[in-house]
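A.B. asks: Chain by chain, the residues run as shown.
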Amino acid sequence: MTLRTYVISRILLTLPMIFILLTMVFLVIRVLPGDPVLLHFEKQENPEAMEDMRHRLGLDKPLWIQYFDYLAGLFRGNLGESMEDYSSVGQQIFSAFPATLELAIFSMVVAVSIGIFLGVEASKGYGKTRDNVIRVFGIVTYAIPVFFLGMAFQMIFGLGLHWLPVGLRLHPTLDVPAGLNIGGIHFSTGLYTFDSLLEGNIYKFVASLRYLALPSLTLGLVLSGVFIRLTRSNMFETLRLDYVTAARARGLSENAVTYGYAFRNAFLPVLTMMGLQFATLLGGAILTETTFSWPGLGRYIVDRISFRDYTAIQGAVVVFGIFVSFVSLGVDLLYAYLDPRIRL
Amino acid sequence: MDKPKIRKGMLSSIIPGLSSLSQRGLAGWLVVLGLIIVASIVTMTAISPWVAPYNPSTINVGPPLMSPNSQFLFGTNDLGQDVFSRVLSGGGIMLEVSILSVIICLLIGVPLGLFSSYAGGLVDRFFCLIMDSIYAFPGLVLAIAIAAMLGRGVTNMALSIAVVYVPSYFRVIRSQVLSIKEMPYVEAANAAGAKGRTVLSRYIFPNVVPSIVVVATVNFADAILTAAGLTFIGLGVSADIPDWGWDLTNGRRLLSSGTWWVITYPGLMIILLALGFTLMGEGLSEMANPRLRE
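These protein sequence lines are chains A and B, in that order. Take -4 as the starting number for the first sequence in my numbering and just add one per residue. Take 57 as the starting number for the second sequence in my numbering and just add one per residue.
Bear in mind the hints are in silico, worked out from the structure with no lab data behind them. By construction, the Cβ of each residue, glycine as well, lies at the ideal position given by its N, Cα and C atoms. Incorrect hints may have been included.
[As the list claims (entries may be wrong)] A few chain A residues that face chain B, going by a derived Cβ cut-off under 7 Å, partial list only:
#	residue
1	Ile100
2	Met146
3	Gln149
Produce the complete structure using the sequences and hints provided.
C.D. replies: Here is the structure:
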C-alpha cells in the first residue's frame, strides 16, 4: 500500500465512525429522554411556551425528520440554537473552543514530557528502587481525581505561596491578545500564548503562560502515568537491542545513546498513545476547566447543564467527538508517515 | 468430567496471591495490599452508622468551618457538619455506583464480546464498529451527556458510567476469544459436534474468566473516578446523603477561605479507594499475562 492509498482508506474509515458518533449523540440527547423540552421546563407550568420552543427548534417534527435535519445542519456547520435564548450554539462553541485547545496542547506536552523523562529513568534501573518509585508514582497519579489535584495545587501554589494564578486565562484588566494586525488584515488563533507572541507582547505571553501553568500541570500529571508505563517497557526492550549496544561500544555518552538512539525507536508507540489518550485528556479537561474557571468548552457544557440547555449540550458533545476523531486521524497519518511498516 | 480441573485452574488464577503469595512476588503483594485497602474502606463505610461520632448529615453539630481539633477530628464544614463522620460514611454512594456499573458492564460486555467474536463475519464487524465508536469518544463527555439526560440517582449514574466502559470489556474478551477459538481443544469440541452455545459456555468462557476479572478490577477504579467527576460537576445523587464527591464540590467554593480540611480528607479517601482497585488490577494483570514480567 502506498502512503496515498493508506491516507485515503484511513479517511474513509473515519467517516462511518463520525456518523455513528453523531447518531449516538442524537439517541442520547433527543430520543433517550423522550422530550428534551419537557426536561428543560422543569415545572412545566407554561404549555404555550413549551409548544413554542418545540416548534422553533423543530422538535415537534417526527423523530426521523429531526434526525435528518440534525445531520443536514451539522453538514452545513450549523449546531442549532440554544434553548435558553435561541442564540447560535455554534458561535458560543467557536469562541470557547480555543481555550480548551490551548489547555489540551499544554497538558499533553506536560504529560508526554514527564512520561518520557520518568519512563526513561525507570527503564535505566529496571527492577531497582528508582524504577519502583517511578512505578508507584505512575499508579498513584492514575488514582487521583483530576479536580482534587487541581484544588490541591490551587491551595498550595496559589492561595498558600501566591506563586501562580488559580483561575481564568488572563487577568481581567488585561486585554485579550490581539494576534497579528498588518495593514487591516487581522489574524488570531484564540490561543492566548500564540496570539500574544504574534502581537509581540512578551508581557502578555508570560502572563498567559502563568495562567496556564496550574491547569495544564494538573491535567498533564494525571495523564503522565500512562506515558511513563509505556516508555518504560518500550525503552527496556530497546535498550537491549544490538544497535544500542553498538552505539555504546563506539563510546557515545549514555544520554546520546538513550535519547539519540534508543528513544527514537521507542517513541512511535508513545505517538500512538498520544492519539488514544486524547479522548481521556478532553474528559479530564472538563473537570480541570471547572476547577480553574477556565472558559473553555468543558466549562461551557457544565454551565449549560445547569441551565438544562440540551441543544447546547448536544452541540458541545458533537464538537468534542468530532475533534477527537480528527486528532486520532491526524496521529494515525503521522504514524504512517514516520513508520513505513504500517503502509505495507 | 473435566469441569473440576478447569475450576481449579480458574480459581488459582483469580486468587493466587492468597495461597502462594511468596511465589507470586510483587504482583501478589500488590493484590493483597489493594484488597486490604478496599476491604477496610468497605468495612469502614458499612459500620460508620455505629462508630461515627456525629450524624454525618446533621447540620450545626459544631460551629461552621472549625479547623481540626480534639472534638472534631477533621474539623467542620460550612454547614457545621462533622467532616470526620462524613469521611467515615461518605463512600456509600461511590461504592454503590461503581459496583452497579461494573455489574452492568459485565452483563452487557461479556456476552456481547463472546457472541460477537464467536459469530465472526458481519455481525462481529458491526459490533466492533459500534464499540470502537464509543471507545473513541471522550468517556467522561459521554457519561456527562447521558447522566444529564437521565437525571439524578444511583442507577442512572451507574448506567451512564457503564455505557462508557462496556467497550473495554468487549474488546478484551473479543481478542481473547479470537485466540482461544483457534485452539485444538475447541476445534475438537466442534468436531465432536458440540453446539455453539456449549462450546462458548463450557470450553471458551472458563478461559476468559481471568481476563474478565482483571478488566473488572481495573474498571472499578475508573468507575469510582468517573462517579466522583460526575458528582463534581453537579450530576451527583443528592446533597442529603454524605458523599466524598459532594464534599469536594462543596469545598471548592470554600477554597479561598483557606479551609483545606473540608476537601483534603474526602479527597484522600477517593484516592485511596481508587488506588486500592488500581493496585489489585495491576497485580492481577501481571499474573494473568506473565509475559509482561520480562
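A.B. asks: Hint by hint, say whether it matches the structure.
C.D. replies: Each hint, compared with the structure:
Nearest Cβ of chain B to the Cβ of A/Ile100: about 16 Å, over the 7 Å cut. The hint is violated. The interface hint given for A/Met146 is met, as the beta carbon of that residue sits about 6 Å from the closest beta carbon of chain B, less than 7 Å. The interface hint given for A/Gln149 is met, as the beta carbon of that residue sits about 6 Å from the closest beta carbon of chain B, less than 7 Å.
The structure shown violates just one earlier hint, number 1.
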